[in-house]
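*Asks:* Sequence:
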Amino acid sequence: MATVPPSKAAKLAALVYAVQNERTSDLFFGDASFSTEKAQTLQATVGSRLINTKDGFGACATGAGIYENDVFLVFRGSTFANYGADWISNARIGLEIGISGKPVHIGFNHIF
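For the sequence shown, our numbering gives the first residue as 1, with consecutive numbering after it.
Read the hints as simulated data drawn from the structure, not as lab findings.
Errors might be hidden in some of the hints.
Capping the alpha-carbon separation at 25 Å, the derived lysine-lysine pairs in DSS-like fashion look like this [unchecked claim]:
1. K54 / K38
2. K8 / K38
3. K38 / K11
This structure is a prediction, so every number in the text was calculated from the model and none was measured.
Based on the provided sequences and hints, a complete structural model is requested.
*Replies:* Rendered as structure tokens:
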């Protein structure tokens, strides 16, 4: 397993916010570290009944080159780009049991 340099990890963490459609996904997955063969975007429904939108939440790709035996899972944090729907999900405070059987934040659990 090759170590991802901090500068590259920071770049991917910043770029994943733009993964919203096929064109922007192609730009993200154009990085030589990824094999585009099995690359896919991760979509989530965020918000509530009033403000609800489907949004790019992350990216998953197998590695290429020195990362060929690795898998990249890159998730974004909250954003205002989706009409504030992320923050509505974040406001769903409290815990519930996730699929792992462990307690998890309700808002994140519904998005993830």
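*Asks:* Hint by hint, note whether the structure agrees.
*Replies:* Now for the hints, and whether the structure bears them out:
no. : hint      : in the structure
1   : K54 / K38 : 22 Å, holds
2   : K8 / K38  : 20 Å, holds
3   : K38 / K11 : 21 Å, holds
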